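Visitor: What follows is each chain in one-letter form.
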Amino acid sequence: MRDKGIRIEGLTKRYGKGDTAVDALKGVDMQVAPGEVVGLIGPSGSGKSTLLKCLGAVIEPTAGRMILGNETIYDNGWKVNDLRALRRDKIGFVFQAPYLIPFLDVTDNVALLPMLAGKPNAEARKQAVELLQGLDVQHRARAMPSQLSGGEQQRVAIARGLVNRPPVILADEPTAPLDSERALAVIKILNDMARKFETAIIVVTHDEKIIPTFKRIYHIRDGVTYEEAGEGIDLR
Amino acid sequence: MISLAGRDIQHAWGKFVFTGVGLGLLIGVTLTMAGVYRGMVDDAKVLLDNSGADLWVVQKDTLGPYAESSSIYDDIWRGVRSIPGVARVANVTYLTMQVQQGERDVRAMVTGVTAGEPGLPGWPPQLVAGRQITRGHYEAVADIASGFQLGDRIQIRRNEYTVVGLTRRMVSSSGDPMIFIPLRDAQEAQFLKDNDAIRQQRRRTSENPAFNRPGVPGLLDAVIASQSTNASVNAVLVQIKPGQNAQTIAESIRRWKRLTVYTRSQMEEILVGKLIATSSKQIGMFLVILAIVSAAIVAFIIYTLTLGKIREIAVLKLIGTRNRTIAGLIMQQAIALGVIGFVVGKITATLWAPVFPKYVLLQPLDSVIGFITVIIICVLASIIAIRAALKVDPAEAIGG
Numbered sequence: 001m002r003d004k005g006i007r008i009e010g011l012t013k014r015y016g017k018g019d020t021a022v023d024a025l026k027g028v029d030m031q032v033a034p035g036e037v038v039g040l041i042g043p044s045g046s047g048k049s050t051l052l053k054c055l056g057a058v059i060e061p062t063a064g065r066m067i068l069g070n071e072t073i074y075d076n077g078w079k080v081n082d083l084r085a086l087r088r089d090k091i092g093f094v095f096q097a098p099y100l101i102p103f104l105d106v107t108d109n110v111a112l113l114p115m116l117a118g119k120p121n122a123e124a125r126k127q128a129v130e131l132l133q134g135l136d137v138q139h140r141a142r143a144m145p146s147q148l149s150g151g152e153q154q155r156v157a158i159a160r161g162l163v164n165r166p167p168v169i170l171a172d173e174p175t176a177p178l179d180s181e182r183a184l185a186v187i188k189i190l191n192d193m194a195r196k197f198e199t200a201i202i203v204v205t206h207d208e209k210i211i212p213t214f215k216r217i218y219h220i221r222d223g224v225t226y227e228e229a230g231e232g233i234d235l236r
Numbered sequence: 001m002i003s004l005a006g007r008d009i010q011h012a013w014g015k016f017v018f019t020g021v022g023l024g025l026l027i028g029v030t031l032t033m034a035g036v037y038r039g040m041v042d043d044a045k046v047l048l049d050n051s052g053a054d055l056w057v058v059q060k061d062t063l064g065p066y067a068e069s070s071s072i073y074d075d076i077w078r079g080v081r082s083i084p085g086v087a088r089v090a091n092v093t094y095l096t097m098q099v100q101q102g103e104r105d106v107r108a109m110v111t112g113v114t115a116g117e118p119g120l121p122g123w124p125p126q127l128v129a130g131r132q133i134t135r136g137h138y139e140a141v142a143d144i145a146s147g148f149q150l151g152d153r154i155q156i157r158r159n160e161y162t163v164v165g166l167t168r169r170m171v172s173s174s175g176d177p178m179i180f181i182p183l184r185d186a187q188e189a190q191f192l193k194d195n196d197a198i199r200q201q202r203r204r205t206s207e208n209p210a211f212n213r214p215g216v217p218g219l220l221d222a223v224i225a226s227q228s229t230n231a232s233v234n235a236v237l238v239q240i241k242p243g244q245n246a247q248t249i250a251e252s253i254r255r256w257k258r259l260t261v262y263t264r265s266q267m268e269e270i271l272v273g274k275l276i277a278t279s280s281k282q283i284g285m286f287l288v289i290l291a292i293v294s295a296a297i298v299a300f301i302i303y304t305l306t307l308g309k310i311r312e313i314a315v316l317k318l319i320g321t322r323n324r325t326i327a328g329l330i331m332q333q334a335i336a337l338g339v340i341g342f343v344v345g346k347i348t349a350t351l352w353a354p355v356f357p358k359y360v361l362l363q364p365l366d367s368v369i370g371f372i373t374v375i376i377i378c379v380l381a382s383i384i385a386i387r388a389a390l391k392v393d394p395a396e397a398i399g400g
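Protein sequences, first through last, are from chains W and S.
So the first sequence is numbered by UniProt numbering: it starts at 1 and just counts up by one.
So the second sequence is numbered by UniProt numbering: it starts at 1 and just counts up by one.
The set of hints was computed from the structure by calculation and includes no laboratory data.
Computed from a prediction, not measured in an experiment: that's the story for all the values here.
Positions of the beta carbon are idealized from the N, C-alpha and C atoms, including for glycine.
Check the hints yourself; a few may be wrong.
[Claimed, not checked] Derived lysine to any residue pairs resembling SDA-like cross-links, with alpha carbons at most 20 Å apart:
no., chain 1, residue 1, chain 2, residue 2
1, W, 119, S, 322
2, S, 391, W, 84
3, S, 391, W, 59
[To be verified] Computed far set for chain W versus chain S, every beta-carbon distance over 10 Å:
no., residue
4, 29
5, 71
6, 103
7, 136
8, 196
Just need the whole structure built from these sequences, with the hints factored in.
Guide: Laid out in structure tokens, this is it:
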């Protein structure tokens with residue numbers, strides 16, 4: 001097994017200063033192994049989005065440590081110079097809504113990331129098509145996002161998140177707009193892809209339908225996480 | 001790397017083309033305004049070119065005959081012709097007036113030329129139809145912009161004239177078509193009063209004891225006769241012999257004839273620098289305002305298009321797209337919009353220019369300058385949208 005996954009230790013995030021300061025994260029510890037899909041669950045205002053933004057190198061934590069793969073990316077300060085490149089190459093994102101680029105077809109939506117990383121167009125597209133085949137949407141490769149169903153759009157979004165083979169994928173309520181059947185199908189895909197590409201996947205969710213599918217769940221409340229074993233229903 | 005701007009335009013080409021057409025009409029108006037100015041300058045120059053003159057001899061201390069009124073005696077030409085270096089001279093009159101044809105009238109510059117001597121300065125150099133004036137009275141050569149045709153009967157003051165020839169691009173500095181008539185008729189049209197005024201003048205003269213003295217028979221008749229003659233013209237046009245210096249000859253005429261003389265370059269300066277200066281400043285102001293309005297519209301369009309893509313921009317930033325790629329997307333779209341607008345503007349200006357009542361001259365150089373200006377405006381206008389896009393927080397793509 002490759003040394004991938006993500007580990008965070010004592011991560012804190014404070015908004016504001018002085019009397020008005022709010023501690024959104026209060027020493028969060030978390031570890032997700034390669035090939036593992038974990039759930040991150042908590043009520044509104046518990047700090048889920050703040051944690052996701054810190055993990056996604058979108059906002060800077062106040063203190064703590066984050067190790068991505070075998071690279072320390074944050075240790076009481078960013079340890080990488082180019083956060084954009086970090087997000088592009090090491091972190092995959094899947095959003096609540098697919099947020100595909102409406103003026104690019106399915107293939108180019110997926111191939112955009114490798115292209116941004118400097119890969120030749122043909123090679124990036126080949127890589128995208130292979131991934132689309134794995135997600136069973138290759139027949140929609142030339143379609144525009146507006147021509148896809150919600151489930152197809154979400155699969156394309158997953159393909160985009162995976163295309164650069166990142167060690168970690170952050171999925172922000174990826175099943176929220178889907179019905180039970182499609183939601184479980186998406187979770188199955190995430191599990192399959194996690195295993196196939198040895199990617200650690202953190203799924204932030206409120207969705208009761210999919211919570212039983214996680215083997216491990218992190219609950220977050222008032223900026224503090226605690227771990228719990230999930231049911232881990234087999235989706236095969 | 002694929003062109004994100006190109007793909008976006010391809011995806012929403014209808015919106016882009018429609019917006020570009022709207023912008024293009026505005027650019028078309030701007031190009032037309034520039035063409036109107038060029039047309040005015042060209043009208044001024046063509047008036048000088050068509051006169052065939054190297055020197056304009058006019059009333060002392062006036063800017064005549066085009067920019068100010070000028071009146072000199074019609075026998076001055078004899079003395080001017082005797083000056084060394086002068087090849088040909090001709091009297092000429094210019095009078096801008098309404099020329100009648102039946103119920104309609106046309107504003108025209110009626111030009112009096114010495115009858116029967118085509119080729120002299122002041123004569124139309126070439127005709128597009130008909131013939132030159134051959135008779136001493138009641139024949140006219142008209143520019144086709146007047147709308148007159150061969151054989152038409154036109155009314156100038158109290159006389160009727162037959163149009164015997166047609167010219168093209170013979171216009172005044174105001175763009176009014178020129179109508180050439182024999183000099184004697186033109187002098188009469190310009191200087192001869194109507195019958196009532198003549199009768200009244202004769203009565204006043206006869207009642208003046210200075211002119212109607214009992215002991216001086218014939219004095220009153222002589223005075224009245226002198227009041228009825230038309231011995232004035234507006235200018236004498238001079239052609240100099242090849243190899244002669246216009247400045248030297250002009251100086252000689254000034255010195256010996258005590259009149260004002262303008263060379264071609266001086267006359268051009270009067271027409272372009274003084275006669276149409278206010279109009280050109282007016283058009284210049286319009287051009288500046290149109291440029292500002294165009295810039296504001298481009299900025300608004302690009303800004304609106306960018307605001308419509310805020311979520312996509314947030315996603316692009318989140319997945320690691322560089323700022324310059326996002327800026328490039330917006331700027332390329334602004335430039336594409338400018339190019340579409342310019343092409344539409346150029347086509348529309350070219351199509352509607354001939355319909356304008358005055359000459360609109362669309363010069364290639366103006367088009368090049370216009371194109372560069374449009375692109376610069378688009379680039380500058382896109383900066384506002386780029387600033388907005390670069391301020392987008394990638395965290396907006398993540399909920400919460």
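Visitor: Are any of the numbered hints broken by this structure? If so, which, sorted upward?
Guide: Hint 6 alone not satisfied by this model.
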